[in-house]
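*Asks:* With the hints as constraints, model all of the structure from the sequences given.
Single-letter residue listing:
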Amino acid sequence: MLAAAGLSFAEWEPPLAPRFVGLDNLTELLADPRFGKAVVNTVIYGVATVVPGLAIGLGLALLLGPRRRGGTLLRTTVFLPAIVAGVATALMWGWVFNPRYGLVDGLLGIVGLQGPSWLRDPAWAMPAMIVIGLWNVGVNVIVYIAALGTVPRELHDAAALDGAGATARFRYVTWPALLPVTFYLAIVNAIAASQIFTPSYVLTRGGPGDATLTTALYTYQTAFAYGRLGYASMMAVLVFLAVLVLTAIQFRVVGRRVPYLGADA
Amino acid sequence: MTGTRTRAGSRRPGISWQALLAVALAIPFAVPFIWLFASAVKPFDQFYAAPPTLFPNPPSLANLQGVLDLLDVPRLFANSTVIALITAAATVLASSVVGFAFATLPARGARLLFGILIATILIPPTVAIVPQFILFSRIGWVGTWLPLIVPSLFGNAFAIFLFRQWFRNLPENLFESAELEGANPFQTFRHIALPQARPVMAAVAVFAFVGSWNDFLGPLVYLRSPDTYTVSLGMATFQGVHVNEVHLSVAMACIALIPPIVVFVIAQRFLVRGIATGGVRG
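Protein sequences, first through last, are from chains A and B. Going by the numbering used here, the first sequence opens with residue 1, and the numbers climb by one from there. Going by the numbering used here, the second sequence opens with residue 1001, and the numbers climb by one from there.
No lab work stands behind these hints: they were computed from the structure. It cannot be assumed that every hint is accurate.
[As the list claims (entries may be wrong)] Covered by chain B, per the in silico footprint, the following chain A stretches (three or more residues, Cβ under 8 Å):
id, region
1, 77-87
2, 114-120
3, 191-203
[Unchecked claim] Pulled a few chain B residues facing chain A out of the computed Cβ check, cut under 8 Å:
id, residue
4, Gln-1018
5, Phe-1029
6, Leu-1036
7, Ser-1039
8, Ala-1049
9, Ile-1134
10, Val-1221
11, Met-1235
12, Gln-1239
13, Val-1241
14, Ala-1256
15, Pro-1260
16, Val-1265
In this text, a Cβ means the ideal position worked out from N, Cα and C, and glycines have one as well.
*Replies:* Quick look at the structure:
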């Protein structure tokens, strides 16, 4: 980490020796339209996967929770994508979204709709990436199911005796108990979203027209395809600082309302 | 969670609307897999059919055979397995030792050190990859498996956290009495603590194995020669070469997915418990 910070002030294009260039990398980066595009894409991806991902995760956890019979098969199904995530599932989605022979456009065709070219269409490539991201929501489901198991049953029973309906019990008993876990997942998911790399690399190489270029992919390209190690470091450091600030904000805004976060874990 | 009482109002033996909804919501998670596996065994003309058909008629192994003819798939699997097994073993070993140290040794500054350690969980891998690459290329490790394996010898922050939590929740006099019997910290760890930590060891091992198996950036950056490639990297390279022969990359994805799915179904108990423990206590 410290090494990355140091490097970011250097111009280093092996085999040439590193050369201290001060803030040149930073000024160049801030004016770099591809970096701006990558940041915007990554933020869109993050917002569109993290918040719905939490909602879907909680919804599925409530439905598939520990008390449901036959839940094991469904839980396995929902969880599987997150476990095998990588190049293979990226290739699989490439085939699902194939504009000519793919499943999605095939299904749309049945109902008489002409589907877009998805990953080859600048307007639809990012939505397709977001679908792929949301498909990996399994970890959230598992963590929420586990958290639901820790909500004291007595509280539920007491609230029910006092005449609280299902909605009220969720609002005043379940949800407050889930806040710490939600907070944890929000942070972990946001960091993961800021690192999204494999689907873009495998499916689109960031295209078409940089529509799916993420900061992680641009950093990788800068360092290992263009060979600009110093410039790539500045990029990585900037993204890291942004994630750090975001996490700090999450701590300030949400952390205060989470009772036992301050306590020793 | 294990209570036998059912919550008032949810005591319904038949099929409830929640069950139907749950099934409906789970379907999208399974459909891409079904589509992939069905496509992989389609004959050529059915694979490239518009509109697509769902099930092959009759199934054909030609696509899978085509991949096996062009690519040394057993080699890729062997490489990934060796790397992931060593990584998993090293992660369990190193993380359990460090977690035990954090849980028991009242060294001054341990809390601060532990805080720093936990903070490193927040440092994303792409931030570290450039300086790490420079380091590994300086010592001549680029092109070998060492950059993929050696970092796990220092443990994994999340795994250390899980072990520490586990050891702290064991009864304290367990360790104290071992000490009174004259055991040194290492003996206490080896003979008292570790046998108690099997569930965490299993969870961490599966975690590390899956993480290493799915890793793409690491092999992409560090590996050079195709006979050292992992499944992920071999598959991505293969797809890049045969970009216009989608039936081959679909078959390859199918081959690559089946073993992890089988392993997952067998090991899911440990995995689920591990993730749940980390999330709920974290």
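*Asks:* Run every hint past the structure and note whether it holds.
*Replies:* Each hint, compared with the structure:
1. 77-87: holds (count 10)
2. 114-120: Result for this restraint: violated, n = 0.
3. 191-203: holds (count 7)
4. Gln-1018: holds, 6 Å
5. Phe-1029: holds, 5 Å
6. Leu-1036: With a minimum Cβ separation of about 5 Å from chain A (threshold 8 Å), the hint on Leu-1036 of chain B holds.
7. Ser-1039: Holds. Min distance 6 Å.
8. Ala-1049: This hint holds: Ala-1049 of chain B lies near chain A, its Cβ roughly 7 Å from the closest one there, short of 8 Å.
9. Ile-1134: holds, 7 Å
10. Val-1221: Nearest chain A Cβ about 6 Å off; hint holds.
11. Met-1235: holds, 5 Å
12. Gln-1239: With Cβ-Cβ at 6 Å, under 8 Å, it holds.
13. Val-1241: violated, 13 Å
14. Ala-1256: This hint holds: Ala-1256 of chain B lies near chain A, its Cβ roughly 4 Å from the closest one there, short of 8 Å.
15. Pro-1260: holds, 5 Å
16. Val-1265: holds, 7 Å
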